[in-house]
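Colleague: Letter by letter, the chains look like this.
2 protein chains.
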Amino acid sequence: MADPIDDSTDQGAPVAPAALAEPTDLTGSSGPEVDLGRRRFFRQFAGEIIQTAATMAGAAQALQRASAEAAGAILDPDGGSALAGLQAEFAGEPAPRGFRTPFREDGDVLYLIDQRHLPDALVEYDCRSAGEVAFAIREMIVRGAPAIGQVAAIGLAMTAAKFVDSRPYARRATLLGAANALRVSRPTAVNLAWAVDRLMARYMALGDLSEDGLAIATAMREEADAIVFEATTDHSRLAAFGYEALPPQTDVPLRILTHCNTGPLACGMFGTALGVVQIAHNAERPIHVWVDETRPYLQGARLTAWELAQAGVPHTLIPDVAAGHLMSRGEVDVVLVGADRVVANGDTANKVGTYTLAVLAARHGVPFYVCAPTSSVDLATPDGAGIPIEERKAEEVLSFRGVRIAPPDTQVRNPSFDVTPAELITGIVTEEGVIRGPFEHGLADAVASAKARRAASVSPFVAQGTD
Amino acid sequence: MADPIDDSTDQGAPVAPAALAEPTDLTGSSGPEVDLGRRRFFRQFAGEIIQTAATMAGAAQALQRASAEAAGAILDPDGGSALAGLQAEFAGEPAPRGFRTPFREDGDVLYLIDQRHLPDALVEYDCRSAGEVAFAIREMIVRGAPAIGQVAAIGLAMTAAKFVDSRPYARRATLLGAANALRVSRPTAVNLAWAVDRLMARYMALGDLSEDGLAIATAMREEADAIVFEATTDHSRLAAFGYEALPPQTDVPLRILTHCNTGPLACGMFGTALGVVQIAHNAERPIHVWVDETRPYLQGARLTAWELAQAGVPHTLIPDVAAGHLMSRGEVDVVLVGADRVVANGDTANKVGTYTLAVLAARHGVPFYVCAPTSSVDLATPDGAGIPIEERKAEEVLSFRGVRIAPPDTQVRNPSFDVTPAELITGIVTEEGVIRGPFEHGLADAVASAKARRAASVSPFVAQGTD
Numbered sequence: 001m002a003d004p005i006d007d008s009t010d011q012g013a014p015v016a017p018a019a020l021a022e023p024t025d026l027t028g029s030s031g032p033e034v035d036l037g038r039r040r041f042f043r044q045f046a047g048e049i050i051q052t053a054a055t056m057a058g059a060a061q062a063l064q065r066a067s068a069e070a071a072g073a074i075l076d077p078d079g080g081s082a083l084a085g086l087q088a089e090f091a092g093e094p095a096p097r098g099f100r101t102p103f104r105e106d107g108d109v110l111y112l113i114d115q116r117h118l119p120d121a122l123v124e125y126d127c128r129s130a131g132e133v134a135f136a137i138r139e140m141i142v143r144g145a146p147a148i149g150q151v152a153a154i155g156l157a158m159t160a161a162k163f164v165d166s167r168p169y170a171r172r173a174t175l176l177g178a179a180n181a182l183r184v185s186r187p188t189a190v191n192l193a194w195a196v197d198r199l200m201a202r203y204m205a206l207g208d209l210s211e212d213g214l215a216i217a218t219a220m221r222e223e224a225d226a227i228v229f230e231a232t233t234d235h236s237r238l239a240a241f242g243y244e245a246l247p248p249q250t251d252v253p254l255r256i257l258t259h260c261n262t263g264p265l266a267c268g269m270f271g272t273a274l275g276v277v278q279i280a281h282n283a284e285r286p287i288h289v290w291v292d293e294t295r296p297y298l299q300g301a302r303l304t305a306w307e308l309a310q311a312g313v314p315h316t317l318i319p320d321v322a323a324g325h326l327m328s329r330g331e332v333d334v335v336l337v338g339a340d341r342v343v344a345n346g347d348t349a350n351k352v353g354t355y356t357l358a359v360l361a362a363r364h365g366v367p368f369y370v371c372a373p374t375s376s377v378d379l380a381t382p383d384g385a386g387i388p389i390e391e392r393k394a395e396e397v398l399s400f401r402g403v404r405i406a407p408p409d410t411q412v413r414n415p416s417f418d419v420t421p422a423e424l425i426t427g428i429v430t431e432e433g434v435i436r437g438p439f440e441h442g443l444a445d446a447v448a449s450a451k452a453r454r455a456a457s458v459s460p461f462v463a464q465g466t467d
Numbered sequence: 001m002a003d004p005i006d007d008s009t010d011q012g013a014p015v016a017p018a019a020l021a022e023p024t025d026l027t028g029s030s031g032p033e034v035d036l037g038r039r040r041f042f043r044q045f046a047g048e049i050i051q052t053a054a055t056m057a058g059a060a061q062a063l064q065r066a067s068a069e070a071a072g073a074i075l076d077p078d079g080g081s082a083l084a085g086l087q088a089e090f091a092g093e094p095a096p097r098g099f100r101t102p103f104r105e106d107g108d109v110l111y112l113i114d115q116r117h118l119p120d121a122l123v124e125y126d127c128r129s130a131g132e133v134a135f136a137i138r139e140m141i142v143r144g145a146p147a148i149g150q151v152a153a154i155g156l157a158m159t160a161a162k163f164v165d166s167r168p169y170a171r172r173a174t175l176l177g178a179a180n181a182l183r184v185s186r187p188t189a190v191n192l193a194w195a196v197d198r199l200m201a202r203y204m205a206l207g208d209l210s211e212d213g214l215a216i217a218t219a220m221r222e223e224a225d226a227i228v229f230e231a232t233t234d235h236s237r238l239a240a241f242g243y244e245a246l247p248p249q250t251d252v253p254l255r256i257l258t259h260c261n262t263g264p265l266a267c268g269m270f271g272t273a274l275g276v277v278q279i280a281h282n283a284e285r286p287i288h289v290w291v292d293e294t295r296p297y298l299q300g301a302r303l304t305a306w307e308l309a310q311a312g313v314p315h316t317l318i319p320d321v322a323a324g325h326l327m328s329r330g331e332v333d334v335v336l337v338g339a340d341r342v343v344a345n346g347d348t349a350n351k352v353g354t355y356t357l358a359v360l361a362a363r364h365g366v367p368f369y370v371c372a373p374t375s376s377v378d379l380a381t382p383d384g385a386g387i388p389i390e391e392r393k394a395e396e397v398l399s400f401r402g403v404r405i406a407p408p409d410t411q412v413r414n415p416s417f418d419v420t421p422a423e424l425i426t427g428i429v430t431e432e433g434v435i436r437g438p439f440e441h442g443l444a445d446a447v448a449s450a451k452a453r454r455a456a457s458v459s460p461f462v463a464q465g466t467d
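Note that the protein sequences, when read in sequence, are chains A and B.
Under my numbering, the first residue of the first sequence carries the number 1, and numbering increases by one thereafter.
Under my numbering, the first residue of the second sequence carries the number 1, and numbering increases by one thereafter.
These aren't lab readings, by the way, just hints derived from the structure by calculation.
Beta carbons: idealized from backbone N, C-alpha and C, even for Gly.
There are no misleading hints in this set.
In silico contact screen, one side only, chain B against chain A (beta carbon under 8 Å); selected entries:
| no. | residue |
| --- | --- |
| 1 | R295 |
| 2 | P296 |
| 3 | L317 |
| 4 | L360 |
| 5 | F400 |
| 6 | T410 |
| 7 | P415 |
Put together the whole structure using the sequences plus the hints.
Modeller: Here's what the structure looks like:
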C-alpha cells in the first residue's frame, strides 16, 4: 500500500498553505474573490511560511507554470535573491539555509534531489519526460509516497508537452505507455497511480484522439500543478494545526522527538510531523529535535538529519534505543510522528518503532501526536487488528551499503510497521484540525470536512486554465 | 567502570557449574571431600553442561594446566573427538556445533577468537605473553569484561613462566611492567585490574625478589586458573538458576528475547543471559531466541547471532525497534538481559535499550529477568539515580565500519547505558539464586552468601598447587 522504502510518510492525497493561526480557505469559484484569495495565498506563502530562498525558488518554479501572477507574488520582492541563492549553492558558494523540496523545475527540465546520494552529497538528477521520471522513481532517486505522486504528474505533463504536434494515435500510444511506466515504477505507492489517473482523466475528457495537442498538454499540466498545489495546501494546513497543538513555551527550547522521515523530501513542500517542525522553526520558536536514526533503513539518520541541517534547525541524532533513556531523564517534551494508516478508532500504523515510542511517552506523560492528512484515514477498517503488517527483506537488517553486520545466513524478522493503539495517542493532527480521543467521531468528521472542502474548491491553477 | 565497548555484559568477579536442578557446592577445604567434589564437578562439566566438542576442548585446555585429573575427566571418554573436531574445523571441515569460549590454550600459546573479524570469519589470534595479551585487549580482539580478566590473568602467568630462570630484579621489572601494560589496556574494565592484582599478590606473597622463579610462575599460573575456574563456576550457577526460572513448557518453543551480547565470547564459558540460553539448549528444551541487533555497536547482530548460530540454537535477528511489535503480537515469552550494575534497591544499569524492553515487557505481562552475578551488585549506591551514564563517541552512530550513515557534522547523543527501575524487573538472577522484588534484602543476602561461599572455598587448582 505504500512506498516500499520510505513508507512511514503519509500518503496524503495532496491540497494551500495558510496563516499559522487559522488555515484560510484559499480557493474560490471565480471572479474577483478568486483573485483576492489567490493573492492572499501567495503572499502568505512567500511571506510567512516559506522563508528560505531555496524552498521559495522550488515553489515558484512549480507555480509559475500556471500563473505568472503567482510567480510574481512569490518572487517579488525577494525572488531575485532566491534564484541567485539557489545558483550560488550549486556553484559551491555558501548555500541558503532552509527546507528543500525534493524537486524543482527550470524550463522544460524537472530537477530531483537524488536521494540515493544523501546525506553524502547534494546532487540533482534531471528528467525531461515521464519515462525518465519513472526510472527515477524505480531507482529510489525520489521516494516518499506524496512526493512520488507529484513528480509523476509533472513527468506525465512534460511528455504531453513534447507531443503537442504529434498525430492523435501516436500521442495516445505515447501517453498510455508513459502512464503505465509510471504506475509500475513503484506499485505500492497509492499516490502514484492516483496522480497518474487524474492526469489521464483530463486527457480522456478532451477525447483521446483529439487533434488539439496543445489543449491536452495544457490540461494535463494544469492537473499536475493542481496536485502539487493540493499537497502543499493540505500539508501546510496540517503543519499549522500541529504547531498550535505544541506544548506551551518555557525558558528552554521545546524538545521534539521524531521518528523516520516525514519532511519535504518525502512530501513535497512541508511534510507531516516535520512540517510541524518547519512551521515552528520558521515562526522562530526555539526548538531542538531528537532524530531517531530509524533502523533498519536509517531514514532518520540519512534524511531527517540532513533536512534539519539544511534548514538550520537544531537537532541531535540518537540511536532508536536511546529514546527511552531521554524520556526517563525528562529530556523529551513532545513526540511527533507520521502515519501510514489511521483506522476508524484511531489505531495507527506507522514505521516500526513508533509503537515503542508511544508506550514510553505514555509512561512519562509526554504528549504523543500522530501527524497524518485525512487521505491516510481508513474509516473502513474498525481497529488496528485489521491492518496487515508488511515484512521487508532480511538484507536491510543483515548489512548496510554492502557492509555486512551479521552472519549471512541469519534468519531475520523485519516488520516495516507497527500499530500504535489509539489509547496511547494524545492527538491526531490532520489538515482539518487536531482530533483528540476517543477518535471515532473526530476522524469521521475530519474526513467529511476534507471531502466537502475539496468538492467546493477549484484549484487556482485549474480555475485559471478554464478562465 | 566497564569494558568501553561491550560493557553490557556483567563484570562478575569470575566462580563451578552444577547440576541443572540444584547448584552444587563444588569446593571443599581439603582431604577426600575435595577430590570427590572435584570429580563431581568435572563429570558434570563434561557430561551435563558442556555438550559440544569445541567448548569442551576450550575448558579442557584451561583446566589441564592445573590438573591432569581434571583434564582426563573432561576429555575422557569424548576428549579425543573434541580436539579432533576443533582441528577439523580450522582445517575447513564441518565444524562441531556449540558455544565457543573466547580463548583456548595449546602448549604455551593462548589462542583468542579474534572478535574483530566476527561474524565474517572465525580467526584465532595467538598470544605468548602479557604484552601480546595487552595488545589484544587494546585492539578489541577480545572484549567483554569477564573474558578480559581471564585472558589477562593467563597472559601474566605466561610471562612469569618465560622468566623462571631470570634474575630476581629482571623478573620483577618484567612482571611489574607487564601488569601495568595489562591494567592500562582497557582502564574501564574492573575485572581486568582485579585479575592482575590477584596474580601480583601471589607473586608478592612469595617475595618480589625471590630467587625461586618456578615457584612464582607456578603460583601465578594457579591463580590464573582459579580466576577462570571461579568465573566458570559463578556463571554456570547463575545460568542454572535462570533456567529454573524460565516460564513453564508449552507446546511451542519458548521465545526468549535478549539484548546485546552476554555469551561465552564476553564471559569465558557460559555467559549471563546467554548462559541461561546455553543451559536450556543443552537441556534440549525447545527455545527460539529473538536477538536484538543492539545499536549502535551491534553486539547482538555481530556476536550474539554468531554465537547462537555456532551453537545451533534457533534464533532470529531483529532491529531493536521491532521488539515492541513482537510483544504486542504475543510473540515474546520472556526477556533475559545482562547488567552492568545492579544497585541496592534493584535498579539496574545495562546496555542502552534495556529500559525500553522492560517498559514494553511490563505493558504486555512478559517476565523480565536481569542476569547478573553478585560481583555486579553495588550495595553502596541506594538507587538508579546514583548511577552515572557514560556517553560514548558520536562516530559509533554516524557510521559503521567506515560507511557513513548520517551527515558528518551531525550532533549525536550516544548514551551507553540506561537504567531500568526495579519495579519493572521480574527477578534478578545471580549465582546465589533468583531474587524477586522488593530486592533490597535479597540482594544484600546474595552478596553476603557469595562472599561466605568464596571465603569457605579453595579452588581445586589452588588447593592442588598447595597439596
